[in-house]
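Undergrad: Put the two chains together into one complex; each comes in its own frame, and the hints tell you how they fit.
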Amino acid sequence: MGGMERLLPTDEAYELLGLATEIADGELAPRAADFEARGEFPREVVRTLGRAGLLGLPYPEEHGGAAQPYEVYLQVIEVLASRWLAAAEAVSVHTLSCYPVYAHGGEQLRKLLPDMLGGELLGAYCLSEPQGGSDAAALTTRATRDGDSFVVTGTKAWITHAGQADFYNVFCRTGGPGPRGISCLLADAATPGILPQAAEKTMGLRSSPVAQIVFDEARVPADRLVGDLGDGFRIAMEALDSGRLGIAACAVGLAQAALDYAVGYARERSQFGKSILDFQGLRFMLADAATGISAARALTLAAARLRDAGRPYSAEAAKAKLFATDMAMKVTTDAVQVMGGYGYVQDHPVERYMREAKVLQIVEGTNQIQRLVISRHL
Amino acid sequence: MNIVVLVKQVPDSGAERNLRTDDNTVDRGSASNVINEMDEYAIEEALRIQEAHGGEVTILTMGPSGAAESIRKALSMGPDKAVHVVDDALHGSCALATSKVLAAALGTLNADLVLCGAESTDGRVQVLPHMLAERLGVAALTGARKLTIDGSALTIERQTDEGYEVVTAQTPAVVSVWDTINEPRYPSFKGIMAAKKKPVQALSLGDLGVAPSEVGLDGASSAVVEHSKRPPRSGGQKVTDEGEGGVKLVEFLATEKFV
Chain A
1 MGGMERLLPT DEAYELLGLA TEIADGELAP RAADFEARGE FPREVVRTLG RAGLLGLPYP
61 EEHGGAAQPY EVYLQVIEVL ASRWLAAAEA VSVHTLSCYP VYAHGGEQLR KLLPDMLGGE
121 LLGAYCLSEP QGGSDAAALT TRATRDGDSF VVTGTKAWIT HAGQADFYNV FCRTGGPGPR
181 GISCLLADAA TPGILPQAAE KTMGLRSSPV AQIVFDEARV PADRLVGDLG DGFRIAMEAL
241 DSGRLGIAAC AVGLAQAALD YAVGYARERS QFGKSILDFQ GLRFMLADAA TGISAARALT
301 LAAARLRDAG RPYSAEAAKA KLFATDMAMK VTTDAVQVMG GYGYVQDHPV ERYMREAKVL
361 QIVEGTNQIQ RLVISRHL
Chain B
1 MNIVVLVKQV PDSGAERNLR TDDNTVDRGS ASNVINEMDE YAIEEALRIQ EAHGGEVTIL
61 TMGPSGAAES IRKALSMGPD KAVHVVDDAL HGSCALATSK VLAAALGTLN ADLVLCGAES
121 TDGRVQVLPH MLAERLGVAA LTGARKLTID GSALTIERQT DEGYEVVTAQ TPAVVSVWDT
181 INEPRYPSFK GIMAAKKKPV QALSLGDLGV APSEVGLDGA SSAVVEHSKR PPRSGGQKVT
241 DEGEGGVKLV EFLATEKFV
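Going line by line, the protein sequences match chains A and B. Residue 138 in the UniProt record's numbering sits at position 138 of the first sequence, with consecutive numbering throughout. Residue 113 in the UniProt record's numbering sits at position 113 of the second sequence, with consecutive numbering throughout.
Just so you know, the hints here were simulated from the structure itself, not pulled from any lab data. Fair warning: there could be bad hints in the mix.
What follows is a list of derived Cβ distance ranges for each label pair [stated by the list, open to error]:
{"id": "1", "chain 1": "B", "residue 1": "E69", "chain 2": "A", "residue 2": "P114", "range": "30 to 40 angstroms"}
{"id": "2", "chain 1": "B", "residue 1": "G107", "chain 2": "A", "residue 2": "R110", "range": "26 to 36 angstroms"}
{"id": "3", "chain 1": "A", "residue 1": "T366", "chain 2": "B", "residue 2": "G55", "range": "35 to 45 angstroms"}
{"id": "4", "chain 1": "B", "residue 1": "A223", "chain 2": "A", "residue 2": "S294", "range": "30 to 40 angstroms"}
{"id": "5", "chain 1": "A", "residue 1": "T153", "chain 2": "B", "residue 2": "E51", "range": "38 to 48 angstroms"}
{"id": "6", "chain 1": "B", "residue 1": "G66", "chain 2": "A", "residue 2": "A198", "range": "40 to 50 angstroms"}
Stretch-level coverage of chain A by chain B, calculated; a stretch enters the list once three of its residues show a Cβ under 8 angstroms from a Cβ in chain B [said to hold, decoys possible]:
{"id": "7", "segment": "12-22"}
{"id": "8", "segment": "41-53"}
For every residue, glycine included, the Cβ atom is placed at its ideal position computed from N, Cα and C.
Excised from the complex, chain B in its bound form (with noise of 0.2 angstroms):
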C-alpha cells in the first residue's frame, strides 16, 4: 500500500505562541517548531500498516524550509522518503488554497491512502482533510480512533463527543486520525542516522502548475484583519466561608456544569 502522511510543522503548542503584528500570520521565527503533534500519531499508524501490508511512506509537507528540520524528524521515525513544497509565494495561504497546493503534490505521488493529524495545533480548523479528499474525488475517513484495512477496504471508527461511528470506504481515500488512534514511537538514533541520507525531493509552485496569485496572503480565501493578546487571568471568584462556603462550591460547580 502506498501511503502518503500530510506533516505540518506548527509552533510547539507547549510554548508561548504569537500571530506576526505586520501581517498577523503565525509567527514562526520566533517559535520553537515542532511536528504537529497529531500528525506523529498518523505517521505512526502508517508505519504499522506498513509492518503488515508492506508498500512504501512518503511524509508530505507543504512550508518555509525550516521545516526542513521536521521533515527529518518524521523520517527518523521510520519513513522512507519525503516530498517538501517549499515556496515563498505559499506564505499566508489559507486551508483553501493549501488544499489546492496538496492536492496538486498528491497528483504526483500516487497514493493508496493519505493519513494525517485530524487537525494542527496551531489553526484547529479540521477542514483540510475533507478539502483535500473533496479536490482527489476520494472519500475522506475523518476524525478516526481506529482504522482497519482488509484488501482496498477501509474502515474506520470515527469519534464523536458520544462515542464512534463506523464509516468505511475504498481506497484511494483521505483519512485522519486522532491521538487515541495508537501511540507513536520514539525514533532510534539508527533511525535518525538513516533520516539524513532518506530522499526528500523539494517542490515549488512551479513545479505543481499552481500560480502564485492563487496562493499566499493575496489568494487567501480568508484574512485575520487584526488580533490582540489573551487577556491576563482575572481574580476569579472568591468564596469566604461563613457556615455555607461548601453550599456556594456546590453551586459554582452546578452552574459551571462541572458537576
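Chain A with its partners taken away, still in its complex shape (with noise of 0.2 angstroms):
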C-alpha cells in the first residue's frame, strides 16, 4: 500500500494488523476475481477469517472477541476491503450482527456470544422492506405473541448473508405505528417459516449474498427477544452508527487497492516514448485520488476515536460513511480512467472495483440519509 504508516494504539494492534494482511494476502487476494465472477458466497474464506479471531474484534474478552478499539478493527476491514471487499463487508455485516445482543440482550441472550463471535456463526440484519429502506421506522413486518413465541410474518429486503446467516436480527412490530412500535427478535435460521429468497442479480459485490427474506409465520422464541419491547428501532440506529464506519473503511481499502492497481499499472505502460507515470496530467490524478484516500481513512478513524472514547460519534460516522464512499466512486473511476480501454475490461480488476463501490453509496443508509443526518447536527 505504498508503504503508508499506521499509528496503531498498541504494540498487539500491529500484530493484528500483520495476521490480517497475512490472511489478506494469501486466502482473499487468490480468490476474489474468481468467486466474483461465479456469484458464490466465500463461506470457508469467512470460517478461516473467525478461526483467526477476526470475526469478533471489538467486543469484551469476556464474550469471546479480542477487546480491540474500533480504531484497530476498522483498520482490519480496511486491510481485507484491499484484498476482496465481500469479505471485508462479511466481517463488517457479521460484527454488526452481534452487536444487538451485546448491547441489549439480558444474560441469557449474551450466553450465546462466544459462538456468534467464534467464528463458526454468520450473522445477518434485518432491517430494510421491500417498501422501505431509507424510512426504516415504517416497516411493517409484524411479531404477535403467541404463548411462548412470537410469529413473525412479513417480507424484509436487501439482506446481506440472506441463505447464508446461521442467525438473524429481525426488526419487527410488535406495537403501534412508528419507531416505537418496533423490537428486535434474534431468530435462528433453521427456524420453520423463515424463507431466503433468490439471490438478487447485483451490479457488483456478486459474492456477498443479497436477497428478501419471506417470514412465514416463523416463530422464534419469546426469550430471543433482544432489550426490551419497543427498543428495536433504537438499537437498530445505534448499531447503524457503527455500521457505517465499517462501510467507510471498506471505501477506504476498495480505493486504496484501486490506487495500487492504478499506478502499478502506470509505472509500466508506456505511450509516446515514456511512461504515462511522467505525464503530469495523470500523475496529479493519482495524486488527488491519495490524498482523498488519507482524508477518509483519517475522517473514519477520527469519528472510531470518539466512538471508542465514549463519546457521542454519530454526525462524525455519517461524514466519514458520506466521505469515503463518495471518494471510493471517484478513486475507482478515475483508476478506470487511467488504466484507459484495459480499465475497462474484466482481465483487470479495476471495472469490479468502480462496481463495487457504487453499492457502498447505498448501503448503511444511503449517502443522502448521511446527509441528512449530518445536517440534523447542524
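TA: So, in C-alpha cells, the structure goes:
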C-alpha cells in the first residue's frame, strides 16, 4: 500500500494488522476475482477469518471477542477490503449482527455471544423492507405474541448473507405505528417459516449474497427478544452508526486497492516513449486519489476514536461514510480512466472495483440519508 | 502423546537468497527469515494429533538468536512450548553435527514422536531425519504424505515419484512430512498474544554436553569451498516460423520431454 505508515495504539494492534494482512494476501486476494465472477459466497474463507479471531474484534474478551477498539478493528476491515470487498463486508455485517445481543441482550441471550463471535456462526441483519429502506421506522413486518413465541410475518429486503447466515436480527413491529412499536428478535436461520428468496442479481459485490427473506408465520421463542419491547428502532439506529464506520473503512480499502493497481499499471505502461506516470495530467490524478484516501481514512478513524472514548459520534460516522464512499466512487472511476481501455475490461480488477464502489454509496443508509443525519446536527 | 516438532528458520525462498562471501554459509543477516515452509506442515500435523490424542507439542529449533522470531511464530499456531538451542559455536554446522546437537536436545525431551519437514528450503539435503533417527536409535518414517496413529503404531504413506509406499513403525520415531500431508492453519490473534507468554527454554552446547569442536565450521564433515552467482538466463532458442514452426515447437517439447 505505497509504504503507508499506520499509527496504531498498541503493539498487539500491529500484530493484529500483520495477521490480517497475511490472511488477506494468502486467502482473500487469490480468490476474489473467481468468486466474484461466479457469484459464490466464500463461506470457508469467512470461517478461516473466524478461526483467526477476526469476527469478533471489537467485543470484550469475556464474551469471546478480542477487546479491540474500533480504531483498530476498522483498519483490519480496511486491509481485508483492499483484497476482497465482499470478505470485508462479511466481517463488517457479522460484527454488526452481534451488536444488538451484546449491547441490549439479557444474561441468557449474551450466553450465545461466544458462539456468535467465535467465527463458526454467521450473522445477518434484517431491517430494510421492499417498500422502505431509508424510512425504517415505517417497517411492516409484524411479530405477534402467541404463548412462549413471537409469530413473525412479513418480508425483509436487501438482506446481506440471506440464506448463508446462521442467525438473523429481525426488526419487526410488535406495537403500534412509528419507531416505538418496533422490537428486535434474534432468530435462528433454521426456524421453520424463515424463507430466504433467490439472491438479487447485483451490479457488483456478487460474492456477497443479498436477497429478500419472507417470514411466513415463523415462530421465534419469546426469550429471543433483544432488549425490551419497543427498543428495536433505537437498537437498529445505534448499530447503524457502527455499521456506517465499517462501510467507510471498506471504502478506504477498496479505493486503496484501485489506486495501488492503477499506480502499478501506470509505472509499466509507456506511451510516446515514456512511462505514462511521467505525464503530469495522470500523475496529479493519482496524487488527488491518494490524498482523498488519506483524508477518508483520517475522518473514519477520528469518528472511531470518538466511539472508543464513549463520546457521541453519530454525525462524525455519517460524515465518514459519506466522504469515504463518495471518494471511493471517484477513485475507482479514475483508476479505470488511468488504465484506459484496459481499465474497462475484466482482465484487470479496476472495473470490478468501480462496480463495487457504487453499492457503498447506498448501503447502511444512502449518502442522502447521511447528509440528512449530518444536517440535523448542524 | 509427547510430540516434538523440529523447526528451522530459513531465508524466505520467495526473496533473493545469498551465501556469505567470507565463509560460504547462508547469509541470514541480509535475508528476510521465515519458518521453513515444510516445517509448518509438521507443526499442523502435530497439532492435529494433539487435538485427537492429547499430549504436548514442543518446538525444537537450533539456530542463531534471530530464530526466536520464528519460534514465536510457530508457537502462535498452537504448540505448548519451545526449546531453542543457541550457541555462537554452532555457526556453519553441517547436517551431521546438527543431528548430533538435535539428538542431544531431544534426549532431554522424552518425545514419543519427532515431526519435521522432509527438507529445508535452504539446504534441501533431506538427510537430517534419517541421521537423527539413527542417533536416537528409533525408526525413521520419512517423506510422509499421510500419517495415521493407532496406539503406539505409526503408519505413513511415503510419497515417491511413482506413487506411495506404506511404512509402519512403533513409537518412538522420527517422521518427516511433505506439503501434501495437510493445510497448515493461520495463527489466531489470541494465539499470537498467547505465544508471547509460552515458555521458551534456551540451551547452549554446554547444557547439552556437546563440545564446540564437534560442531560449527571447524567440526563440519563437509565444506562449501567456493560459490558463484547463478549465471543470468540465456536468451533461449528462437524459432522463426517459415512454415514449419509448429513442427519445430513439437520437436523441442519432445526433446525436452515436456510431452
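Undergrad: State, for the Cβ atoms of B/E69 and A/P114, whether the hinted interval 30 to 40 angstroms holds or is violated.
TA: holds (32 angstroms)
Undergrad: Holds or violated: 40 to 50 angstroms for the Cβ distance of B/G66 and A/A198?
TA: 56 angstroms Cβ-Cβ, so the 40 to 50 angstroms window is violated.
Undergrad: Just to make sure I understand the rule, a stretch counts as covered if three or more of its residues have a C-beta closer than 8 angstroms to a C-beta of the chain. Does the segment 12-22 of chain A meet that for chain B?
TA: holds (count 5)
Undergrad: Between A/T153 and B/E51, does the beta-carbon spacing fit 38 to 48 angstroms?
TA: Between A/T153 and B/E51, where Cβ atoms are some 45 angstroms apart, the hint holds.
Undergrad: Assuming the hint says 26 to 36 angstroms, is it satisfied by the Cβ distance from B/G107 to A/R110 or not?
TA: At roughly 51 angstroms between Cβ atoms, A/R110 and B/G107 fall outside 26 to 36 angstroms, so the hint is violated.
Undergrad: 35 to 45 angstroms was suggested as the range; check whether the CB atoms of A/T366 and B/G55 agree with it.
TA: violated (56 angstroms)
Undergrad: Is it true that B/A223 and A/S294 lie within 30 to 40 angstroms of each other by Cβ?
TA: violated (54 angstroms)
Undergrad: Just to make sure I understand the rule, a stretch counts as covered if three or more of its residues have a C-beta closer than 8 angstroms to a C-beta of the chain. Does the segment 41-53 of chain A meet that for chain B?
TA: holds (count 4)
Of the numbered hints listed earlier, those contradicted by the structure are 2, 3, 4, 6.
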